[in-house]
Amino acid sequence: MRAAIIANSEFKSEKKILDLIKSSDLIVCANGGTKVARELGIMPGAIVGDLDSISKEIINAFKKKGAEVIEHITEKDYTDLELAVNYAEEKGSNEILIFGALGGRPDHFMANIILLFDLLKRNIRAKILSNQTEIFCLNRYGEIRGKAGDLISLLPLSNEVHFETITGLKFTPPSNTLQFGVSRGISNVMLEDTVILKIRSGTILVFHFSK
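So the working numbering is basically just the index in the sequence shown, starting at one, shifted up by 33.
In short, the hints are calculated from the structure, not lab data.
Take the hints with a grain of salt, since some may be wrong.
Stated by the list, open to error - Calculated pairs, DSS-like style, for lysine-lysine (alpha carbon to alpha carbon, straight line, at most 30 Å):
hint, residue 1, residue 2
1, 154, 124
2, 49, 109
3, 96, 45
4, 124, 160
5, 109, 180
6, 96, 160
7, 160, 244
8, 48, 180
To be verified - Ranges between beta-carbon positions, derived for each pair:
hint, residue 1, residue 2, range
9, 111, 231, 17 to 23 Å
10, 204, 56, 31 to 37 Å
11, 209, 94, 50 to 56 Å
We put the CB at the ideal spot given by N, CA and C, even for glycine.
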């Protein structure tokens with residue numbers, strides 16, 4: 034089951050993004066993401082968060098159309114995006130696509146990256162997406178689908194990441210190993226339309242920038 038979660042940062046609504054959102058089994062707005070959904074003409078199945086960034090008019094309009102509204106207190110232990118992700122998981126989602134999570138405060142962005150790592154540990158496939166960017170974590174096998182010339186950055190989230198194989202990229206690290214804190218994995222280039230990564234040990238953060 035795939036869930037699309039709309040966060041509070043604005044993003045350009047190219048057709049491929051709208052199609053991904055609208056074709057998902059569940060659409061959840063994280064607090065201010067409700068305003069983004071309204072602007073894009075998207076009907077959420079649920080609105081989750083402390084609702085401090087949304088007018089009652091918008092909330093009531095979606096509620097009348099059938100959206101479930103789950104309100105949390107402002108002083109809480111989780112971000113609105115985390116609460117939306119947890120809701121999607123409770124509803125049975127094993128794949129989560131997150132939109133509108135790339136802008137705003139840098140600490141929120143870092144928290145969103147950490148959330149991807151946490152979801153990987155929970156065996157949930159998760160990505161942060163925009164029109165030209167996808168971000169996700171890998172600790173086993175993964176494919177990156179794009180076009181030759183796209184940029185790929187690989188950032189270790191563990192002390193070392195040991196790859197069994199890397200195919201389709203212009204550069205490969207020495208001994209197929211990347212170390213945490215070293216920027217050797219930045220700005221690689223796709224040579225083919227599909228890159229295959231097989232990881233022997235460790236966890237990597239993947240940034241894919243489409244042309």
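Now the hints, each set against the structure:
1. Distance check on the hinted pair: residue 154 and residue 124 sit about 18 Å apart at the alpha-carbon level, within 30 Å; holds.
2. Pair hint residue 49 plus residue 109 does not hold up; C-alpha atoms about 34 Å apart against a cutoff of 30 Å.
3. At most 30 Å may separate the alpha-carbon atoms for a hinted pair to count; residue 96 and residue 45 meet this at roughly 25 Å.
4. Proximity of residue 124 to residue 160 is assessed by CA-CA distance (about 18 Å); at most 30 Å being required, the pair is judged to hold.
5. Straight-line distance between C-alpha atoms of residue 109 and residue 180 comes to about 42 Å, which puts the hinted pair past the 30 Å bound.
6. Between residue 96 and residue 160, the direct Cα distance comes to roughly 28 Å. Compliance with the 30 Å bound is thereby established for this hinted pair.
7. About 19 Å separates the Cα atoms of residue 160 and residue 244, which keeps this hinted pair within 30 Å; it holds.
8. Note on residue 48 and residue 180: the hinted pairing holds, with a Cα-Cα distance of about 18 Å set against a maximum of 30 Å.
9. At roughly 34 Å, the beta carbons of residue 111 and residue 231 sit outside the given window of 17 to 23 Å.
10. Between residue 204 and residue 56 the beta carbons are some 35 Å apart, a value that agrees with the proposed interval 31 to 37 Å.
11. Separation of residue 209 from residue 94 is about 53 Å and conforms to the stated range, judged on CB atoms against 50 to 56 Å.
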